[in-house]
Amino acid sequence: GDSVTQTEGLVTLTEGLPVMLNCTYQTIYSNPFLFWYVQHLNESPRLLLKSFTDNKRTEHQGFHATLHKSSSSFHLQKSSAQLSDSALYYCALSDRGGSALGRLHFGAGTQLIVIP
Amino acid sequence: GPKVLQIPSHQIIDMGQMVTLNCDPVSNHLYFYWYKQILGQQMEFLVNFYNGKVMEKSKLFKDQFSVERPDGSYFTLKIQPTALEDSAVYFCASSPGTGVYEQYFGPGTRLTVL
Chain A
37 GDSVTQTEGL VTLTEGLPVM LNCTYQTIYS NPFLFWYVQH LNESPRLLLK SFTDNKRTEH
97 QGFHATLHKS SSSFHLQKSS AQLSDSALYY CALSDRGGSA LGRLHFGAGT QLIVIP
Chain B
732 GPKVLQIPSH QIIDMGQMVT LNCDPVSNHL YFYWYKQILG QQMEFLVNFY NGKVMEKSKL
792 FKDQFSVERP DGSYFTLKIQ PTALEDSAVY FCASSPGTGV YEQYFGPGTR LTVL
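Chains A and B supply the protein sequences, listed in that same order.
The first sequence runs contiguously to residue 152 in the numbering used here.
The second sequence runs contiguously to residue 845 in the numbering used here.
You may find that some hints are simply not true.
Distance condition first, Cα-Cα at most 25 Å in a straight line; then the derived SDA-like pairs of lysine to any residue [unchecked claim]:
| id | chain 1 | residue 1 | chain 2 | residue 2 |
| --- | --- | --- | --- | --- |
| 1 | B | Lys-809 | A | Ser-80 |
| 2 | A | Lys-114 | B | Thr-807 |
| 3 | A | Lys-114 | A | Ile-64 |
| 4 | B | Lys-734 | B | Lys-790 |
| 5 | B | Lys-790 | A | Lys-92 |
| 6 | B | Lys-788 | A | Thr-94 |
| 7 | B | Lys-793 | B | Gln-768 |
| 8 | B | Lys-734 | A | Thr-63 |
| 9 | B | Lys-734 | A | Leu-84 |
| 10 | B | Lys-734 | A | Ser-80 |
| 11 | B | Lys-793 | B | Asn-759 |
| 12 | B | Lys-734 | B | Met-746 |
| 13 | B | Lys-809 | A | Asn-78 |
| 14 | B | Lys-734 | A | Lys-92 |
| 15 | B | Lys-784 | A | Ser-120 |
| 16 | B | Lys-734 | B | Thr-807 |
| 17 | A | Lys-92 | A | Thr-50 |
| 18 | B | Lys-734 | B | Ala-814 |
| 19 | B | Lys-788 | A | Asn-67 |
| 20 | B | Lys-788 | A | Pro-152 |
| 21 | B | Lys-734 | A | Asn-67 |
| 22 | B | Lys-788 | A | Ser-120 |
| 23 | B | Lys-734 | A | Thr-94 |
| 24 | B | Lys-790 | A | Asn-78 |
| 25 | B | Lys-734 | A | Asn-78 |
These are calculated hints, taken from the structure and not from any lab test.
Source: prediction; values computed, not measured.
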């Protein structure tokens, strides 16, 4: 079945260093839709990035990710971490492409802590 | 941005009792979802709902679970009777259903079954 793997449960970084959070997925669907959600403490998960185009970089709020179907990856990156980036990050896969009936399959989440 | 609200934020009940979790979705959204997250585990899909009907449910959506959205009010998840394994955070989401859809999530309801 469809699944998403986030290998790091916790990432601790010093402010100003680059961020890379890993996400790989498995799906039988040939056109996967991938998402990154961010959840700050006591807030709702909020969509950060989404992509369904192979090898195309998508950017938002300083973060970027590229869907690579060849390696089934959708890693989240940022050139310079800020204290306000501290949050829980979820990678998710829709199992029905862009359909609103698609179920989101979430990874376990990566807690990012940025320290001064 | 658009907000999904969930009421209550926390609920503690005794095993066997009924509980109703309420979700106030984004206005004009057409698709609604519930997800369940057990402590320390991944968020998992429970059910989606459109046009007054359950469209799809996962194996986690037991017979004791039901959803409805009467007259365009709250989208509710009812569990009757509750079991210990129902203890989790339940997230509601809604989607406009157009374009490359995005699911907007609420902050979750933490349910503790004793």
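### Query
Against the structure shown, which of the earlier numbered hints fail to hold, in ascending order?
The structure conflicts with hints 2, 3, 4, 5, 6, 8, 11, 12, 14, 15, 17, 18, 20, 21, 22 and 24, although it agrees with all the remaining ones.
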